[in-house]
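Chains as they are written, first to last, in the numbering used here: chain E, 1369 to 1664; chain C, 3 to 428.
Source of the hints: derived by calculation from the structure; they are not laboratory data.
Fair warning: there could be bad hints in the mix.
Now the stretches of chain C that chain E is said to cover, found in silico as 3 or more residues with beta-carbon under 8 Å [said to hold, decoys possible]:
1. 319-327
2. 331-340
3. 343-349
A quick note: this is a predicted structure, and the numbers were derived from the prediction, not measured.
We put the CB at the ideal spot given by N, CA and C, even for glycine.
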Amino acid sequence: MSKVYHNAFYAMGTRMNVVLPHSDEELCERIYKMIKHEVERIETKLSYFLPHSLVSEINNRAYEADVKVDSEMWQILKICLDYNRLTFGAFDITMRKLVDFYKLNSDLDETDLTSCMKNIQLNDELQSIRFLDDSTKIDLGGFGKGYALEKVQKLIHDSPLENAFISFGESSILTKGKHPSGKAWQVGVNNYNNSGGTAYTFELVDDSISTSSNYFLDDSGQLTFKANVINPITGKLKKEIETVTVKSKSPIEAEIFSTAFMNLSKEQICAIKEKYIDVGVVRINFDNEELSLTHL
Amino acid sequence: MEQKELFEINRREFLKKISIAAGSSIALASVPWLKVFGEDKVGNSVSDKVRLGFIGIGDRGSALLKNVQAFEDLLNVEIAAICDDYEPNYQRAIKFTNGKAKAFYDYRELLELKDIDGVVIATPLHEHARITVDALNSGKHVFCEKAMARNLDDTKLMYDTHLKTKRILQIGHQRMFSPVYLESLKRIHNGEIGQISQIRANWHRAMNWRRPVPKPELERKINWRLYEEYSAGLFTELLSHQIQVANWINKTTPVSVFCNGSINFWKDGREVYDNIACIYDYADGSNFIYDSQNCNKHYGCEEQVIGSKGTMELEINKVYSAEPPAPPAILHLINDIEKDIFDVIPIGGASWVPETAVKYKGDYITDNYKMDETKLQLEAFTRFIRKGEAPEQLLREGYYASVWSLLAEKAAKTRERVTIEEKYRI
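Extracted from the complex, chain E is given alone in its bound form:
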């Protein structure tokens, strides 16, 4: 019987499950604690909801003054703005205003409100951020889990562990090595129409995948609620029941692309993919009885 270490904790509004197939429990415990500590550190810094996070400080002050940020936050902001351009505006960290609008107006499915990305001004010299509009807020919700997993990837890479499987809310998976009894980690994308079934299987070796969708399933595979996915370019709600899963060596990239690709056309995704040939994309539409799967 092979030994496996498992532990889990709450973070970023969901849970992180850490599975380490290794016989040295003390080593695994030490690595687990490092992972937990790092993820909690990132949440404390990037959370939109924690009143003392750096993101909250930026949101509270950046309209009134340039807010100087540390080098880590500076890099994060640069990455987010770069990917906003790369994804034709589909990856957008200023969507909170639209999210709040639809929460308050649940009967509407479109609005005149638009992205506030244009209101973000970065000052390279000062390493500071400024908002040009008082309603602009940043929310790194579509980035944080990927960023945290990228840091976890580094921790595991530097450890003696050969194999590891980390699930962050089941929507973001990070793997190191392979399943001890196989040649890869085989991860199936849940089938919305068939509880417990798999719509598509990824083979992961040192890879990560991220899944975005506009519905939530509970642990038994039952639909718990549908989520508002808003197209930042049009301001409209996405109506089709759909999921997009992106496979990449980089958890950040998987996270950003899965968020962005929910709102991009096949042609736009393919245009991006030309620059990222190692990235795999599977889009599944559940609107009809027969699921429609597109492998891009």
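Given chain E, put chain C in place with the hints provided.
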């Protein structure tokens, strides 16, 4: 808002909670003293009036007196007499009661008053036993601040006198009337946080406990908490609160206690420790781990109840579940790895979210409204007086809290593991 009005609002909230608690036999078995709040309405006639005397009107005594004043009219109670042998306190008490209460320097004169139903004692610790025993023997019911007495024999004497005279003896442990603690107890005893393995508690303060003394000869009278003859310091002043909570949660008393103590920071001539660390063990193998010191207040006051399924922090009114539920796919994966099976894990999908969004950051145990438990325990005392009896369990909680505080002091002094002598069991 008027103090009395605020009290009535909070009181109604509390009574609402109690009516919910009363529906649970488990809850009432742990807290039988709550029943009195749901009983008959208080009559307004002169014959229904409960007349109280207050003995010891220092800071704590004043606070107790003002608490009773908040419900004097509402509950047909009268503060009929006051007593303090220290002139400034004596004068202050007269002022507080607008000269209406009969005033005494000697408590024995107060006890001679035939129309006093009960007394509230808030004197220095070493005086509790003598005054309580005299009060009970004079037919008065007694509410005495914790801890009960300076030594074990006096503590037992107080209890025995209560039995002999059949008068009420209630010890002031306000947490037993706190909605947060009551709700916590109910949920802990219902198994919500699983099997309790440890209760950790601390009371850290940054203060020297020393009060200004107008004349040198009053040093020991005013700063009685610093001298062994009168006080056991942190043991009787602070630990006694929290060992009561631990015993209440565990529904039993400890088997033994280890303890260390020292005068580590305030080397100012005091005789009591300013730094203590104790471990109590219970028959089920669980521990109560306690520390208190007076040079740093960062960690403040807290009781952490650690169970197999969760943790409660009672002072800050928070409950935390131990860990998130494992997704079936992860359990499937672990099983596969253990059995060398290679299979697909159906896991990739939308983010899992907890049923309650804030749960993983800790949830409030109960509504976070302002509540003065001290008033409620004093109200209970007046209601017990009307009935002529109080639940024995209420006194047992206070008794064993005092006994095990003093046993911790003994353990610290002897550096030995200390158990309770049979003669002190009740």
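Q) Are there three or more residues in the region 343-349 of chain C whose C-beta lies closer than 8 Å to some C-beta of chain E? A) Satisfied; 7 residues make the cut.
Q. Are there at least three residues in the region 331-340 of chain C whose beta carbon sits under 8 Å from a beta carbon of chain E?
A. Since three or more residues must qualify, the claim that chain E covers the region 331-340 of chain C holds, with 7 doing so at under 8 Å.
Q. Are three or more residues of the region 319-327 of chain C within 8 Å, CB to CB, of chain E?
A. holds (count 3)
The earlier numbered hints are all upheld by this structure, with none contradicted.
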